[in-house]
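Produce the complete structure using the sequences and hints provided.
There are 4 protein chains.
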Amino acid sequence: SLPSPSRTNLFIAPHTLTRTRLSRALSSVQTQNEASYPPKSILIVNKLRTEPVVGAIGELLDHVRKTYPGVKVFSEDRPDIPSGTDVWRPGPHSEKIDLVVTLGGDGTILHAASLFSLGAVPPVLSFSMGTLGFLLPFHIDDFAKGLEAVFQGKATILNRMRLSCTFYDKERKKMGSADDEWQVMNEIALHRGSSPHLNTIDIYVDGQHLTEAVSDGVIVSTPTGSTAYSLSAGGPIVHPSLSAVVLVPICPRSLSFRPLVFPSSSSVTLCIGDRSRAAAGVSMDGRVSHVLNPGESVTVQASPYPVPCINRSSISDYGDEQPGDEGVGPGKEDDWVRDINNLLQYNATFRSKALLRYSGKT
Amino acid sequence: SLPSPSRTNLFIAPHTLTRTRLSRALSSVQTQNEASYPPKSILIVNKLRTEPVVGAIGELLDHVRKTYPGVKVFSEDRPDIPSGTDVWRPGPHSEKIDLVVTLGGDGTILHAASLFSLGAVPPVLSFSMGTLGFLLPFHIDDFAKGLEAVFQGKATILNRMRLSCTFYDKERKKMGSADDEWQVMNEIALHRGSSPHLNTIDIYVDGQHLTEAVSDGVIVSTPTGSTAYSLSAGGPIVHPSLSAVVLVPICPRSLSFRPLVFPSSSSVTLCIGDRSRAAAGVSMDGRVSHVLNPGESVTVQASPYPVPCINRSSISDYGDEQPGDEGVGPGKEDDWVRDINNLLQYNATFRSKALLRYSGKT
Amino acid sequence: SLPSPSRTNLFIAPHTLTRTRLSRALSSVQTQNEASYPPKSILIVNKLRTEPVVGAIGELLDHVRKTYPGVKVFSEDRPDIPSGTDVWRPGPHSEKIDLVVTLGGDGTILHAASLFSLGAVPPVLSFSMGTLGFLLPFHIDDFAKGLEAVFQGKATILNRMRLSCTFYDKERKKMGSADDEWQVMNEIALHRGSSPHLNTIDIYVDGQHLTEAVSDGVIVSTPTGSTAYSLSAGGPIVHPSLSAVVLVPICPRSLSFRPLVFPSSSSVTLCIGDRSRAAAGVSMDGRVSHVLNPGESVTVQASPYPVPCINRSSISDYGDEQPGDEGVGPGKEDDWVRDINNLLQYNATFRSKALLRYSGKT
Amino acid sequence: SLPSPSRTNLFIAPHTLTRTRLSRALSSVQTQNEASYPPKSILIVNKLRTEPVVGAIGELLDHVRKTYPGVKVFSEDRPDIPSGTDVWRPGPHSEKIDLVVTLGGDGTILHAASLFSLGAVPPVLSFSMGTLGFLLPFHIDDFAKGLEAVFQGKATILNRMRLSCTFYDKERKKMGSADDEWQVMNEIALHRGSSPHLNTIDIYVDGQHLTEAVSDGVIVSTPTGSTAYSLSAGGPIVHPSLSAVVLVPICPRSLSFRPLVFPSSSSVTLCIGDRSRAAAGVSMDGRVSHVLNPGESVTVQASPYPVPCINRSSISDYGDEQPGDEGVGPGKEDDWVRDINNLLQYNATFRSKALLRYSGKT
Ligand SMILES: NC(=O)C1=CN([C@@H]2O[C@H](COP(=O)(O)OP(=O)(O)OC[C@H]3O[C@@H](n4cnc5c(N)ncnc54)[C@H](O)[C@@H]3O)[C@@H](O)[C@H]2O)C=CC1
Ligand SMILES: NC(=O)C1=CN([C@@H]2O[C@H](COP(=O)(O)OP(=O)(O)OC[C@H]3O[C@@H](n4cnc5c(N)ncnc54)[C@H](O)[C@@H]3O)[C@@H](O)[C@H]2O)C=CC1
Ligand SMILES: NC(=O)C1=CN([C@@H]2O[C@H](COP(=O)(O)OP(=O)(O)OC[C@H]3O[C@@H](n4cnc5c(N)ncnc54)[C@H](O)[C@@H]3O)[C@@H](O)[C@H]2O)C=CC1
Ligand SMILES: NC(=O)C1=CN([C@@H]2O[C@H](COP(=O)(O)OP(=O)(O)OC[C@H]3O[C@@H](n4cnc5c(N)ncnc54)[C@H](O)[C@@H]3O)[C@@H](O)[C@H]2O)C=CC1
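Protein chains in written order, with our numbering: chain A, 1 to 362; chain B, 1 to 362; chain C, 1 to 362; chain D, 1 to 362.
Think about it this way: if two alpha-carbon atoms lie no more than 25 angstroms apart in a straight line, the pair counts; the simulated SDA-like pairs of lysine to any residue are: (1) D:47 x B:200; (2) A:173 x A:289; (3) D:47 x B:194; (4) D:47 x B:279; (5) A:170 x A:287; (6) A:47 x C:195; (7) D:145 x D:56; (8) C:47 x A:274; (9) C:66 x C:82; (10) B:40 x B:55; (11) A:96 x A:58; (12) D:47 x B:275; (13) D:47 x B:294.
Just so you have them, the derived chain B footprint on chain D, three or more residues with Cβ under 8 angstroms: (14) 229-242; (15) 251-264; (16) 286-293.
Since the hints were derived computationally from the structure, they do not count as laboratory data. The structure displayed is predicted, hence computed values, not measured ones. Quick reminder that beta carbons are idealized off the backbone N, C-alpha and C, glycines included.
Shown next, in the form of structure tokens:
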């Protein structure tokens, strides 16, 4: 059954859970995400199958087979699934997954989360082939350590909030079937798309009219998504453990319409104005879905189902802890703070450090 | 005694308390702010004494005397205190105040809060002479209704978070006396002031180095302060019931150093770089205080003492409620959302609505 | 024949011509725009035909018939042309127009200019029904005075620069027919449109690679267009008498890619990156045209054909002048500076001036 | 004698002169900057005297002595002048300088220009020890080639516009002596400095009131200065060969007060509002000078004396040219476009290219 609203809060208060040991987190959310601990099944998610990636997946599978022999490994349904894995298809009757392992960039994690759009997401252990990502992946070379931290119940998680989106027609009737709800990890964006005209969107917060936006569109973003489209559109960078909703206009005509941040308990409704010159295309985490016409609307709220992402500091912490130590102090080894400076190159001075020589004809 | 850290959280989670009836809020925080309910003492705070203001204060005092006869009324110590009020001086042994009534703009409320810099702030009922303010005052004509809502325990409050600031010398020893802590309601701003040179500020979040800011300075703001200096410097607008800390650079050299929002549990340290070409003047809520030299620093954290501001919707809700109704639903009648559109003139179209006639010589 | 490059400069240096008397301006550009002075033909351009507008057009036509009897009046080809006007169709063999009169908003002037996309634009006298517009229309009630200033050769003009856009295929061959060039008065914008993916656009200035933009798109704008889409996307406001080209990225991933301003002698080429994940839709002055695919490009340059807009101050100056006075001093009565404050509501204070009363249930 | 206003325009139209051969540029401006060609005197300007710098100066002096034997070399008056150079002091009767050679960062070039605040600036050949600078220095290793290009009259120059600033008291009388005018290469900035209060500045363009700025201050910048303070405050990046004036508010209360760009023929007056809560400190190119009190003002205009900076592409072009080739085509080898991408790291992707490994305890 769906979590009751009162439980929801527990779930979406990422800061409380953030540094909780995964083992405890899992037991406390058991009924919801049904993920067993230690994991009995793993889903591997990966988009590009370049040679180094195929090699890395092979090694990882070998390692799992040897080290965690009873564990079943699944792959998404596609022609080139790695040998030794079974096909897994999303849906209400899909097989239970206890751990998701992703290999790729931020987009791969977004995709993995989207596979669990109906309810709880199993813990996500993400690897990159070497580039730093905003969603804070482990380096692929650390896969054994990462898995060990998970299987020994020592990994800590960052619950990344999601937003659930419900669409309504002109009569404020829910569009689609009863449980047709969309979960986004980054953002939902309404955009004029290829219409040359500005659209007009009425924005309501908790039922109160906030403003009428005349613009290219509007973004409602999670803290996780604050470094994605929202940032490009002028939004602030929000720490992923804050429970908040970010509202950012895209190229608004009104210069005083600046980005806003609301508590995650707020519900934001975007309604295409009756006389809007353009409809609005909807994209969620970068995937195009609906078109909303004048009078139609979408309501966005914190989802009861965050994405439990395993912290990279799970590794560096590992082995440090004292018996009885049930959690990691707030902020200690915050992967996000550590990485954001590199990711955004805050300190990039204007001057190239390199010795630049301009001689003769270059 | 000071609230223990664990109690702190209760206190600084404004959203929980936001729409709580004042009567309950007060009893639950009793030991901290010691404000009695119903109020036995009122402090009137006001800066400018123009004629209409003096008249309004007179009427208000008359009303209090007649309607709430036992209540003592205090004034700040200044030559022109209204007759019938006693002088009140801030400090550890000051007389207990159960309600603060302010008359003036946003600056008057900032000033009132600053009078209670050592501990809890009594509930604040604020009035303006007619202009809409960001801190959401009542209209002065509604003073009787406002007081009635308070005395009948029906007023709801918005706990506006404050930040406490502690200053350290080059050896990381606390400057000043042991309990020398500053509470700000808007922000603390470090600025190069009249030095022509950029300063260099190392920023740490929860002890981790975030970045080195080369800029005019840095602002650490509350959600309340997000519409003040922080907004002018490019920061987002943050709903005052969110528990968060906003970090905004002032004219930074690095174009990718964008405003950041952290959970209110974060502690932010700003340390003037050892080789910074300029010192940094500190201003807190618009009052200048310290100068920080290279190596010196300030640590900013959510204060255990928010400012309990009485909601204007206390009036419109009044009389509506059912027996047993212990709180107001979230977001119902959110003064802030209702006002922000007017305050920022989001909808100000570029075209003046007026019929503009340009004829002959103007 | 097309103007030679050397003549071009004369033409696109709006500042020189800005305050020149129309009569002189026309004679000096005669061979190009072929507009006779005093005007023998007028084209009326108008989009919406609401009742007050129809009335206004009627009055204006009456006035022209009586006051300037030999003058022929044309209308665009549409079912509801005003009686007494002849149909006019744009094209290489269209009838010669000596004066364009527009009635409507900024969009109407854009449309009027677009009718003369192959060469010179006749002087444009624009009227609005009362709202202030960025393209600085006269108030409709002043139509007689406006026409008088024109017919007496006393009107001064602001030459609003246009940009000419040439499209190239992957082999850098010109797309379309030989003289397929587009003239824009506001801007050319490349945008990912309804693709969910960022596109990659290589930007060259005078043949040198400036940068690779990963973004929603890129705007190349005139000073006139700087208050239109460019402004919403974060661009500066550029005085229309400056000869410059504005380059503004739309929601770029790189935070340091800020708006740029180049001399109008620069040529800007936008080329869709070979590996761009999305194509780019092109819109020019708000009208959608091409789609550019990876490898295809557009080159944008100052057009030899500006739009000569009649200054509103032509009226207020009128009658003031001394014999022999051949021009109006720079900046004297600059409509743009006078209006921009109102248009942008710079001075809009945050506080509503209105006395806001919140009492009882609102 | 001072150049007459009519000559001024020639001089401040940098685009015309930009790519002109230095030899021609010098002869055409001869009467003004009196710089002889080929140079007979060189002024060396440098701030820091670190060991590598002292070495480089030594080598450069040796080279000049050997290669251009008759040329006199001067140094600024300071204790540690290089041997073999004479002291030079700025002022109306200072010795004539035909070439300025700077060694250092952007600040050194600003300083060199400030030495010629009364009139024309000799051509400036600037070197850096290896870092890329916004003012486009040569690499020090190329000093022989740089000098050769100058002495052979093959160097091209970029005339960087300056602004001249005149200060007025409350009665609009000029402050200081009759010819007390300041020339800035980057910008003049008015700032509240260490006052905690916003100041109010009335801005006039060509005598017309543009707006009243309530802010930390206002910047009036050249295109050269557009990448300095102006950029940090949110201004656009302007190509240095455009003749324009940039106006940027610093932390304005009004969100719609956006950066503006005017033709260089505009005169901008900033007047401290009569009721401004704060005075404004003035800094010019980063040097603090006046304080302006309420009622006092400064008028800023394009200066007749630009700074003729020798283009780095003088070297790469060198040797290429055909006899009779009198200039370099516009935009060909534009140092600025070539460098700006590196300088601003537009293309800095968010992801570090480095292979980041996080293993064990880091
Ligand atoms: N103008 C812009 O900045 C636009 C951004 N997007 C973003 O792209 C996302 C979809 O990503 P992909 O499927 O990978 O599409 P994609 O392949 O088009 O990549 C989008 C870029 O955004 C990055 N990204 C994704 N999530 C991020 C996050 N939470 N923080 C920082 N960077 C993040 C990716 O690493 C990639 O560089 C959308 O959710 C949206 O946020 C989509 C359209 C336009
Ligand atoms: N460039 C800027 O925007 C600057 C802003 N300030 C702000 O001024 C505040 C002090 O205010 P006053 O004592 O009244 O000084 P003040 O009389 O100089 O007024 C500052 C302005 O800020 C407004 N303001 C104050 N608190 C606000 C809030 N929370 N949200 C929106 N607007 C607010 C006031 O109503 C007033 O319009 C400081 O806390 C700082 O936030 C101070 C310096 C520069
Ligand atoms: N997000 C945005 O701000 C967008 C803006 N546009 C602008 O719309 C223009 C087309 O205008 P319409 O045909 O009237 O379409 P429209 O009816 O969609 O109106 C666009 C708005 O822009 C205003 N506008 C037009 N030219 C202007 C100028 N030079 N300065 C200031 N405001 C101006 C119009 O008055 C109108 O308010 C395009 O050239 C483009 O600049 C187009 C798409 C998105
Ligand atoms: N918040 C800010 O960005 C501030 C910037 N400044 C700038 O500093 C300049 C003075 O420079 P310095 O004497 O070197 O002082 P400084 O040593 O304080 O350096 C200022 C920085 O600005 C850079 N800079 C100078 N001129 C530049 C230009 N035209 N384009 C790009 N970067 C430039 C310098 O390389 C240096 O990194 C002023 O003219 C002003 O533009 C001054 C105060 C504050």
